[in-house]
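S.K.: These are the residues of each chain, in order.
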Amino acid sequence: MDQRHFRELHSRRRFLERCAAGLGTIALSQLMAAEGRGPGGLPPHFAAKAKNVIFLFMDGGPSHIDLYDPKPAMKKYEGRALPESMTKNLRLAFIKPTAKVVASSRTFTPHGHGGIPLSDWMPHLASRAGDICLIRSMFTDQFNHHPGQLMLNCGSPLVGRPSMGAWVNYGLGNESRNLPGFVVMRSGSNAPGAGTGNWTSGFLPSSYQGVPLRGAGDAVLYLSNPRGVNGELQRATLDGLSDLNRMSQAETGDVEIASRIASYELAFQMQQSAPELMDLSKEPAHILELYGVDAGRKNPYARNCLLARRLVERGVRFVQLMHGNWDHHDDLDRKLKTLCDQTDRPVAALLTDLKQRGLLDSTLVIWGGEFGRTPMVQADSPDKSVGVGRDHHPFAFSLWMAGGGIKGGQVIGATDDFGLQVTADRIHVHDLHATILHCLGMNHAALTYRHMGRDFRLTDVAGNVVRKLLA
Amino acid sequence: MSLDLIRIARWIWPAIAAACHCWASPPAAVDFRKQIEPLFKQRCYACHAGTKQLGGLRLDSREAALAGGYSGAVIKPGNAAASRLIALIDGTAKEKAMPMAGPRLTAEQVALVRDWIGQGAQWPASAATVSAVKPKATHWAFIAPVRPPVPPARDRRWARNPIDSFVLSKLEAEGIAPSPEVERSTLIRRASLDLTGLPPSPEEVASFVKDPRPDAYEHVVDRLLRSEHYGEKWARHWLDLARYADSDGFEKDNLRPDAWKWRDWVIRAINNGMPFDRFTIEQMAGDLLPNATLAQKLATGFHRNTLTNREGGVNREEFRVEQVIDRASTVGTVWLGLTVGCARCHDHKYDPISQREFYQLTAFFNSAGEANIEAPLPGELAAYLQRQPDCEAKRGALLAEYNAAGLQPDWERKMLLAAGQPGVDTLYDVSWDIFGLYVDGGQEQMRIPAAQRSAKWNAKITDFFIGNYSRVATKQELEKLKFKELNEKLRQLKAGCQDLSEAQTLAERPEPRKSHILVRGDFRQPGIEVQPAGLAVLNPMPADPRASRLTLAKWLVSRDNPLTARVTVNRAWQEFFGRGLVATSEDFGVRAEPPTHPELLDWLAAEFMQGGWEMKKVHRLIVTSATYRQSSKARPELTARDPGNSLLARQSRLRLSAELIRDATLSAAGLLNVEIGGPSARPAMPAGVLDLAYGSGSKWKESTGAERYRRGLYTLFLRTSPHPQMTNFDAPDSMVACSRRERSTTPLQALNLLNDSSFFEAAQLLAVRILRSESRSVEDRLRFAFRVSLAREPRAEELDRLVRFHRQQVEILEKDPSLVESIFPARDLDGIAPTEAAPWVGIGRLLLNLDEFITRG
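Going line by line, the protein sequences match chains Z and P.
Count the first sequence with the working numbering and you get residues 15 to 485, in order.
Count the second sequence with the working numbering and you get residues 18 to 874, in order.
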C-alpha cells in the first residue's frame, strides 16, 4: 500500500471510527472487511480463544486467606507477630509489620476434578470448581485502593492510562450494532476508589470508554426521551435532524456530518435495544432462580450477572461488573460473609449459564480485586464488640479465570504458610494482562497506541503470557 | 550446607576471594591502556561512552568514570570490595549482572578489573579523555527560530498579511488556489466562537453583514478582543494545560474550595493582555518576585493543580515527590512541548534529555512548599473582623460547656508518641497518619507546643481532635463526652463564622531540600545529588548556585529559548484551524510531526517575541488573515491530496468543545448567565451519576437561580466524577496537562443533547423566546429561530423542511393532549398558550441538535 493510499484509507477510517468505535456501523465493518480486518478493530495477531470478557471486579481487595488460599499453619502463630525475617522491609497501608497474626475462621474443602480447596462461604462456586483456574500467586506494586485499582484495570498506577476494556475494544472493535462495546455495572456499598478512572479510555479516543449501565433510572445516561416527548415525536425529530444535517453536508461537503447523522441513528437504536436488554421479564423462571434474581430478595449483583450474560449474547465485547466493598479493615468475618452471600450464587450461575449456552468457550470470565489482605490483624475499632479485620496486601493475592482459552480445574502458584509472599509461579498484574490479551488473540507487545511521541501498551514495558493458565 | 549458609557464602565469597587473592601473592601491576581500556571498549562502551550513558555512567574518561552513575560512584580507587562496579560485573549485586548484552565477563577479566581498582584505578591522562559533551542540537526545534523573510506570492490580492504569504507561496508551489472568503454571517460566528466562545447575537450579525466599511471585520475582531469573554475562552485552553480541577483527585477527591481564585487570575491576566513572558514568570515564581503582591502569589496556583492523595495509609512523601515530578513534566509539556517526563525512569529514548537533566528540572520545585494563604475577596475582611470577637466568644463557650480542652493535651501527647514510636498503639498510629493526610501541615504544627502555635492552628487541631477522638476512644467514653453533638454545634457555628477565604500558592521552604536522581523513578531509591539546571540541548541557563523557579521562568521566556514561543503560537494556531502547524502540539521532540509550514511557525514565533509576547496581537494577526477567513467548504479535488487540510487551502469545520456546546445552547435559549468569574457552579446533574464516586454524593448540591446557567468553564470539575456532559464531549480528565482535545462523534453525545433535561429546558426556553419575538408567521418565526441559533437565514429547502416538521409536531401533539401538559406543566407561559409553544419546543430541540449548531463553520 503506498503512502497516499494509506493516508486516504486512514482518514476514511478515522472518520468512521470516530462515529463507530463505541458502536459498530455497517459502513465501518464493510470498510474493515474490505481490508481483511475484524469489525472495527485491528487485524488479529493470531487465532483467539475468547471473543468477550466479563470481568467480575471485586473492589476493595478480597481476603485471599479467607476465600481461596487456606493456611492451616497460621493457627500456630495466632496472636503472635510474624518472624522478623519475614516482616523486615514490609511496608503496609495502615498497620505495622509487627501486628499479630490472625488465622482464618473458615474451613476449606477440595472441589471439582482438580480438587481446588475453596472456603465454605462459596458453596455455589464450589460446584463450578472444575471450570475455574485459581491463581494463588498474583502480586501487584500498589497497596492503596486508587493506584491499586488503576494498576489492575489500566496496567499502571498513574492516572490517564486507558483501561483494559478500552484497550480490548480498540484492538478488537465491537460486534454489537446497537450497544456500546464496553459496558460497566456497579453494585454494593460504596463506589470504587479510582472512580471513573477504572473504565476510562485514557489517551485512546473517548469512544472507547466504558459506558455505565445504571441500576436505577435510565439504563444508559440520557436514554429516555424528555418528559412529554413520545416515540413519534422523537422519530420525527430524528428524521428532521437527519434531513437538515444532510442538507448541511451537501452544502459544506463535510464527510464528518455523515458520522454525526449515523451517531443519532445509533442513539435511537440504543433507545430501543437498551430497554429490551434490561427487561428480564422474558427470562424463564429457572434462570432467574439460578442467579437468585428475585424481586423479594433484591440482589443487584444477581441482576448484573444475568445482564452480563445478556450483554455478551448481544455481542458486547467487554463487560465489567464492580461489586464492593471488600475492604475489610475490621469486622471481616461478618462483612465478608455478607459479600459472599451476595456474589457467590450469581457468579456460579453466570458460569453455569454461559456454559449451557455454549458461550463459556468464547467468554473469558475473570474474578478478582486490586490486592489481597494481610495475615496480620487490623483492629480498627476501639469498640471491642466489633470483629477484627485485615489490612491491604499487595504481595500475594488470589484471582481466578474461567472460560475462553483457560484450563479449568487447576490451581496455579503458591504462597508461604501465611499467604504473605508468593513462593511459586509469581504472576504480576502485567502478566495477567498479557495472558488476557493472548486469550483474545492479541499480542500484548503489539497492541500499541502512539501518544506523546511514544507507543503505549496495556502492559507498559513488561508482561509475559502465563502458559500454564491456558487450555 | 543449609540454604542460609549458601546465602552467606555467596555474600562473602567475593570479599574472601578478593582478600585471599591480595594476600596470597601481590598481583602484577595492571596496565590500564593495554588491559582495561580494551576491555571497557569492547564490553562497556556500547552503553557507557560518549553521548550514550545509560544509568548516567560513562567509562571513557577517568573523571566521568570516577564520578559514577545516577545511583552514585561505582569505582572507589584502592578499594575494589567497596566498588559497585565489581559487584555488577561479578554478579553479586542485586541488579542484573553487567554487561547486559553478550556473555558474562570471565573470572580473569573480573579479577583484572578488581586488581586495577585495588591498585588505585590508575588512568593515564593520555588515555581517552572526553570533556562533558553538550548534546548537539540537530533537530530543528532545538535551534532558536530566526525570523525568516516573508516569501513573495504571485496572487498579491488574496494575501492580507504575512501569514497569507507563507501559506499562499506553499499553495502556489503545489498549484492549488486558496478558497474564497467565507460569507459574513459564518465569519462573524467563527470569529466570535473562536475568540470569546460565544455565538454572536442576531443584531451583531445583522450589523456586520450590512457594514459597508472596508475594515468592518477588523472592527468586529477588535470588539471581540476587548470583550471579557475573550479571557474566559482563552483561559479554558490554559486550564486544560494546567490540569485545573476543583478537587484533589484520587480516592477521597476532596473539594478544593479556593481553586477558582487561580482560574480567575488567569481570566483577568488574559483580559488585561498580560504579556506571555510575565504570565509565565508570575505563575512559575510569582512568590519569589520582589515585594510580591497577593495576585502574584496567587498566580503560582498554576502548580497547585497537581493531584493530592489523601487515601488512608498513603506515604505523603511518595505523593509529594509525585507532585514535584508532575510539576516538572507539566512545564515540559506546556512551555517546551517536550515529553520530559519520559526521562523520569531512564534517559529519554528519543530526545536528548538525560534522566539527570529531568531531576535537575524537578530540583526547581523540590523546595517549593504548598502554602494556603489568606486571600480575602473584596469586602470579606471587614465583615470577618466585625464578626470575629463574637464568633470566638461563642466557640470558647461551647468548648468550655463540653469540657473539650481537658482531654486534648493527653490526646496530643499520645499522638506524638505514636509518631515517634509507631506500633505501640495501633489506634493512635492510624489517627496520626490520618491527621497528616487530612490536615495539611498539621503534623509539623502539633510538634510545636500549643502555647506557641497560632490561634488559627490551635483551632484547627482542636477541631480535628473533637471530630476524630472517636478513632481512639471507647463507645462508653464517647457517649459520656457527647463530642458528636459538640462537633455538630461547632459546624453550625462555623456556617456563620467562616475563616477568611484562602488561595492555593507555592512558597519556598526556609530550608531547601536536597534533590537527587531517583533511580528508576522510585522515591525510595535516591541516587546522586543534582542541582537545578535547564536542558543542555536548549538555550544556556546562566549559572547560579541559587537558581530558583524564577531562574527557570526567565530561562523559559528568554529570547533564545528555541521552544517556548513556537510551542505557544502553535497552540494558538491549533485553536484557530483545528490543527497546529506542528500537529503534535504537545511534542516538538524528534518524534514530533514535522511542521507543515516551518517558516511560518518561525515567523510567528519571532513576531510574538518581538511584539512583546502579546498574545492578543498574535490572535489578531491570525484571525484577520485571509487564510483564517477562507471558506471551510470541502474541496473534493483536494480530498485525496490533502485529506487533513494541512496545506490550508480552506478553513476547517470544528465541533465545539463540551463547554462551548453548553454555552451556545444556553445562549440560544436566552438563559446564559454572562457573569465573569467566581466560585464554580453546580448545574443540574442527572441523579445517580455521583454514586459511582467515593463519597462524592455530598459534593453536588445543585446551584439555584442564575448560578445554574453559568458558562461551561465554571462547572465544578470533580476529578473522579466529572459532569457527564463534559466527559461525553471530550473534556480532558484534568489528571495531566492536555495540549489538544479529541473531537469525537458518539451516540452518547446524541443522547446527551436530545434527552438531557438541561438541554430540553433550553429548547423550552428557545420556544418561548421564538414566540415572544416580533415574528408572527411560522416562516418568520423559523427565520428568527435560525438567526438565534445558527446566526444565519435558512435556505429555502431548509425552511420548507422545518415548516413541514412544525406541522408534523402540531399534528402529533394534537393527538395526545397529555404530551403538552408534560412538556409545559404550567398552564400559562406569560401569555403564551402551552399548546402553541409545545411544537416550537420540537423546533428548538431540532435546531440545538444540528451538526451546524455544535460546529463552528
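No lab work stands behind these hints, which were simulated from the structure alone.
Predicted model, so just to flag it, every value in this text is computed and none were measured.
By construction, the Cβ of each residue, glycine as well, lies at the ideal position given by its N, Cα and C atoms.
Keep in mind that a hint or two might mislead.
[Said to hold, decoys possible] Quick list of the computed label-pair ranges, beta carbon to beta carbon:
{"#": "1", "chain 1": "Z", "residue 1": "GLN435", "chain 2": "P", "residue 2": "ARG430", "range": "31 to 39 Å"}
{"#": "2", "chain 1": "Z", "residue 1": "ALA485", "chain 2": "P", "residue 2": "GLN493", "range": "57 to 65 Å"}
{"#": "3", "chain 1": "Z", "residue 1": "SER141", "chain 2": "P", "residue 2": "ARG488", "range": "50 to 58 Å"}
{"#": "4", "chain 1": "P", "residue 1": "PHE540", "chain 2": "Z", "residue 2": "ALA485", "range": "40 to 48 Å"}
[As the list claims (entries may be wrong)] Derived DSS-like pairs: lysine-lysine, alpha-carbon spacing no greater than 25 Å straight-line:
{"#": "5", "chain 1": "P", "residue 1": "LYS431", "chain 2": "Z", "residue 2": "LYS398"}
{"#": "6", "chain 1": "Z", "residue 1": "LYS102", "chain 2": "P", "residue 2": "LYS111"}
{"#": "7", "chain 1": "P", "residue 1": "LYS492", "chain 2": "Z", "residue 2": "LYS398"}
{"#": "8", "chain 1": "P", "residue 1": "LYS431", "chain 2": "Z", "residue 2": "LYS114"}
{"#": "9", "chain 1": "Z", "residue 1": "LYS398", "chain 2": "P", "residue 2": "LYS571"}
S.K.: Would you mind marking each hint as holding or not holding in the structure?
M.R.: Here is how each hint holds up against the structure:
Remark: the range hint 31 to 39 Å for Z/GLN435 to P/ARG430 is upheld by a beta-carbon distance near 37 Å. As the Cβ distance of Z/ALA485 to P/GLN493 is approximately 59 Å, the hint placing it in 57 to 65 Å holds. Judged by the Cβ atoms, the range 50 to 58 Å given for Z/SER141 and P/ARG488 is violated: they are separated by roughly 43 Å. Between P/PHE540 and Z/ALA485 the Cβ separation comes to about 42 Å, which falls inside the hinted range of 40 to 48 Å.
With a CA separation close to 20 Å, the supplied pair P/LYS431 and Z/LYS398 stays within the 25 Å bound. Simply put, Z/LYS102 and P/LYS111 have alpha-carbon atoms about 17 Å apart, close enough for the 25 Å limit, and the pair holds. Straight-line distance between C-alpha atoms of P/LYS492 and Z/LYS398 comes to about 9 Å, which keeps the hinted pair within the 25 Å bound. Taking the CA atoms of P/LYS431 and Z/LYS114, the gap is near 21 Å; set against the 25 Å cutoff, the hint holds.
Straight-line distance between C-alpha atoms of Z/LYS398 and P/LYS571 comes to about 61 Å, which puts the hinted pair past the 25 Å bound.
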